[in-house]
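Undergrad: Based on the sequences and whatever the hints tell you, model everything.
Numbering (the numbering used here), first residue to last: 1 to 630.
Hints were generated in silico from the structure; no laboratory data involved.
One should not assume that every hint holds.
[As the list claims (entries may be wrong)] Computed list of lysine-lysine pairs in DSSO-like fashion (alpha-carbon distance at most 27 Å, straight line): (1) K590 x K630; (2) K161 x K84; (3) K50 x K24; (4) K278 x K303; (5) K76 x K24; (6) K76 x K303; (7) K175 x K255; (8) K76 x K102; (9) K303 x K215; (10) K50 x K102; (11) K84 x K50; (12) K373 x K399; (13) K161 x K175; (14) K50 x K76; (15) K303 x K255; (16) K479 x K495; (17) K630 x K548; (18) K215 x K175; (19) K548 x K587; (20) K175 x K76; (21) K161 x K215; (22) K84 x K102; (23) K587 x K630.
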Amino acid sequence: MKKILALFVGALFLAGCGSNPEPKTPDFTLSTDSSSLSIAAGSSGTVALKLEPINGFTGTPTFAITGAVVGTSTDKISGSVTNKILTLNVGSGVPTGAYPLKVTATSGTLVHNVDLNITVTAATGDFTLNGTSSGIVIAAGASGTVDFNVVPSAEFSGVIKLTLTGAIVGTGSDKIAVSSTFSSNVFTATLAVGANVPAGVYPITATGVSGGLNKTANFTVTVPGSTPDFAISVNTTNLTIEAASSDIVSVNVTKFGGFTDTPTLEITGAIIGTGEDKIEILGNNSFILLVGRNVMPGVYVLKVTATSGSLVHSLDFTVTVVASFYISAISSTVAVNAGSSGNLDVELYPSGGFSNAVNLAFSGDQVGTGADKIAVSSTFTNNIFAVTLAVGANVPAGKYTIIATGTSGSLTRETNFTVTVLSANVPFSFVLSPATITYALGNRTPFVGITIARPASLIGAIDLVLEGDPRVGPIGAGKINGAAVSTTSDSASMKLTIDAAVPIGTYNLTVRGTSGSYSSTSTFTLNVVAQGTITFFDAPLFLGLRGKNGQQFTFICPPNISISSIWGTDVYTDDSRICSAAVHAGKITKLAGGTVTIEISAGLSSYTGSTRNGVTSRDYEAYSGSYSFK
Numbered sequence: 001m002k003k004i005l006a007l008f009v010g011a012l013f014l015a016g017c018g019s020n021p022e023p024k025t026p027d028f029t030l031s032t033d034s035s036s037l038s039i040a041a042g043s044s045g046t047v048a049l050k051l052e053p054i055n056g057f058t059g060t061p062t063f064a065i066t067g068a069v070v071g072t073s074t075d076k077i078s079g080s081v082t083n084k085i086l087t088l089n090v091g092s093g094v095p096t097g098a099y100p101l102k103v104t105a106t107s108g109t110l111v112h113n114v115d116l117n118i119t120v121t122a123a124t125g126d127f128t129l130n131g132t133s134s135g136i137v138i139a140a141g142a143s144g145t146v147d148f149n150v151v152p153s154a155e156f157s158g159v160i161k162l163t164l165t166g167a168i169v170g171t172g173s174d175k176i177a178v179s180s181t182f183s184s185n186v187f188t189a190t191l192a193v194g195a196n197v198p199a200g201v202y203p204i205t206a207t208g209v210s211g212g213l214n215k216t217a218n219f220t221v222t223v224p225g226s227t228p229d230f231a232i233s234v235n236t237t238n239l240t241i242e243a244a245s246s247d248i249v250s251v252n253v254t255k256f257g258g259f260t261d262t263p264t265l266e267i268t269g270a271i272i273g274t275g276e277d278k279i280e281i282l283g284n285n286s287f288i289l290l291v292g293r294n295v296m297p298g299v300y301v302l303k304v305t306a307t308s309g310s311l312v313h314s315l316d317f318t319v320t321v322v323a324s325f326y327i328s329a330i331s332s333t334v335a336v337n338a339g340s341s342g343n344l345d346v347e348l349y350p351s352g353g354f355s356n357a358v359n360l361a362f363s364g365d366q367v368g369t370g371a372d373k374i375a376v377s378s379t380f381t382n383n384i385f386a387v388t389l390a391v392g393a394n395v396p397a398g399k400y401t402i403i404a405t406g407t408s409g410s411l412t413r414e415t416n417f418t419v420t421v422l423s424a425n426v427p428f429s430f431v432l433s434p435a436t437i438t439y440a441l442g443n444r445t446p447f448v449g450i451t452i453a454r455p456a457s458l459i460g461a462i463d464l465v466l467e468g469d470p471r472v473g474p475i476g477a478g479k480i481n482g483a484a485v486s487t488t489s490d491s492a493s494m495k496l497t498i499d500a501a502v503p504i505g506t507y508n509l510t511v512r513g514t515s516g517s518y519s520s521t522s523t524f525t526l527n528v529v530a531q532g533t534i535t536f537f538d539a540p541l542f543l544g545l546r547g548k549n550g551q552q553f554t555f556i557c558p559p560n561i562s563i564s565s566i567w568g569t570d571v572y573t574d575d576s577r578i579c580s581a582a583v584h585a586g587k588i589t590k591l592a593g594g595t596v597t598i599e600i601s602a603g604l605s606s607y608t609g610s611t612r613n614g615v616t617s618r619d620y621e622a623y624s625g626s627y628s629f630k
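TA: Shown next as structure tokens:
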């Protein structure tokens, strides 16, 4: 019995060793990198498909998307797969909500599915479509391009599709074939004009669609003929300008058929004119459009007309005016002592009927609360923000820029002003130039220059006055007056007025500068000389004598003359210094000075220089005025 059992088991073993196993069938698995996706109506989204081969699968499945909302109309969702990336296009009319879809991959008898949940959200934001030209000239059989700028709002989330339509648009030799590409928010439309398109002007409309948004821009294609003519276009078909602002429209003239004239250009429209409620036009081919402050929001159609003889061409473009505002600090600076308060006004300028509330906020490195900060607040009445600045006691002396920002909805405007925090009792000094001024009674008003050594901590104004002699006082008989000066810079000048009754003589005068409780002085010498005395700098041109040809004038040259520039010999240019020329001509000496008489004459075609009596004069070409000594 045991022997029979052993033989039976062995037979079973041998039978198993001699049979072939079942072959493994090639297959694949299908999944996605995400089982749900949110897409705005009118937009697109993508999902990566994961396809894993099994048992040596090498096939290429085909894909299909199914579901109740799948289709190609505007209220459906369509899909396509490229390189295992599923792109879903949600029509602009698909209602918001959740939509289950099924992605099916098929390869022969192998079929696998994966579920995908799509949530459609409302389209957001907006965009504008602006053509960069209202027209283009393209010869029959040739091609050209037109660009359309897309300006999306910050909230815009859609995908824009561009189409071009018109009676001439189509395929064939008598049509204009159109196509477009999109890059960096610019659609570039290519227009191929058929060889048999007749000469003429053909209107075309570009339409950008995203969800429920639909924007258009119109332009023309001019196919030229052999007759002399021209076409016009503008650089934009729709201009958006804030009231109380401006922009530019450029008109381009394209000539063909041997046309050589320059047409006259004019922009007309009901809104054009001068005044706050009009759009003023400046220029002749690059036109500036000045939109008045009181032009109300709306779309205004303007017409460009070009005329050359009997040829007249015109086109329309639109100006969209929007309400706005701007703000401006009435004074750009205010000075406040540390620990004190100051005030200035910021004015609100509404335009285009703007009437919304504006919030004014302030910023700057020093703005804040505390002893080392500047607290800024404002109240609003009758379009004026009354601004109060409370300067902390520990704010260092200096100049601080504060930015006032006005906000109303999406509109934001800024204006800057400077708060000068003052410090008193800061030492400073200054020097006067020239140190000696010679003034001939009746001559032009002299000035004394003031150069200030201002420490960085001295921010406030320095007040400068003239003193130092009993004759210094208000303008009047026998008085020497110096016009008071207040300056925050490092230099200034003081105008001196010397009355004709001031005696000839020498006056030691003082200029005193004061800032806070600190003052400093500097002195100069004023030599008052007889009427007719001139300085080394004076020349007939500077004394207003040009053109008084044939007339003679007598002057007194003071001793110790400083030699200055002269041109000519015997006859001198009328900008040559009189006293230097008199020494050159041998009429006086440099050391002694003296009285000289000159005669004014017309200019010469050239002047010859020379060296005489230790003075060198120079050559010069033609000049408009001359003089000589008598």
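Undergrad: Taking the hints in turn, state whether each one holds.
TA: Structure-based check of all given hints:
{"no.": "1", "hint": "K590 x K630", "result": "18 Å, holds"}
{"no.": "2", "hint": "K161 x K84", "result": "24 Å, holds"}
{"no.": "3", "hint": "K50 x K24", "result": "22 Å, holds"}
{"no.": "4", "hint": "K278 x K303", "result": "15 Å, holds"}
{"no.": "5", "hint": "K76 x K24", "result": "42 Å, violated"}
{"no.": "6", "hint": "K76 x K303", "result": "42 Å, violated"}
{"no.": "7", "hint": "K175 x K255", "result": "23 Å, holds"}
{"no.": "8", "hint": "K76 x K102", "result": "15 Å, holds"}
{"no.": "9", "hint": "K303 x K215", "result": "21 Å, holds"}
{"no.": "10", "hint": "K50 x K102", "result": "15 Å, holds"}
{"no.": "11", "hint": "K84 x K50", "result": "7 Å, holds"}
{"no.": "12", "hint": "K373 x K399", "result": "13 Å, holds"}
{"no.": "13", "hint": "K161 x K175", "result": "22 Å, holds"}
{"no.": "14", "hint": "K50 x K76", "result": "25 Å, holds"}
{"no.": "15", "hint": "K303 x K255", "result": "20 Å, holds"}
{"no.": "16", "hint": "K479 x K495", "result": "14 Å, holds"}
{"no.": "17", "hint": "K630 x K548", "result": "16 Å, holds"}
{"no.": "18", "hint": "K215 x K175", "result": "24 Å, holds"}
{"no.": "19", "hint": "K548 x K587", "result": "22 Å, holds"}
{"no.": "20", "hint": "K175 x K76", "result": "32 Å, violated"}
{"no.": "21", "hint": "K161 x K215", "result": "10 Å, holds"}
{"no.": "22", "hint": "K84 x K102", "result": "15 Å, holds"}
{"no.": "23", "hint": "K587 x K630", "result": "9 Å, holds"}
Violated hints, listed in ascending order, are 5, 6 and 20; each of the other numbered hints is respected by the structure.
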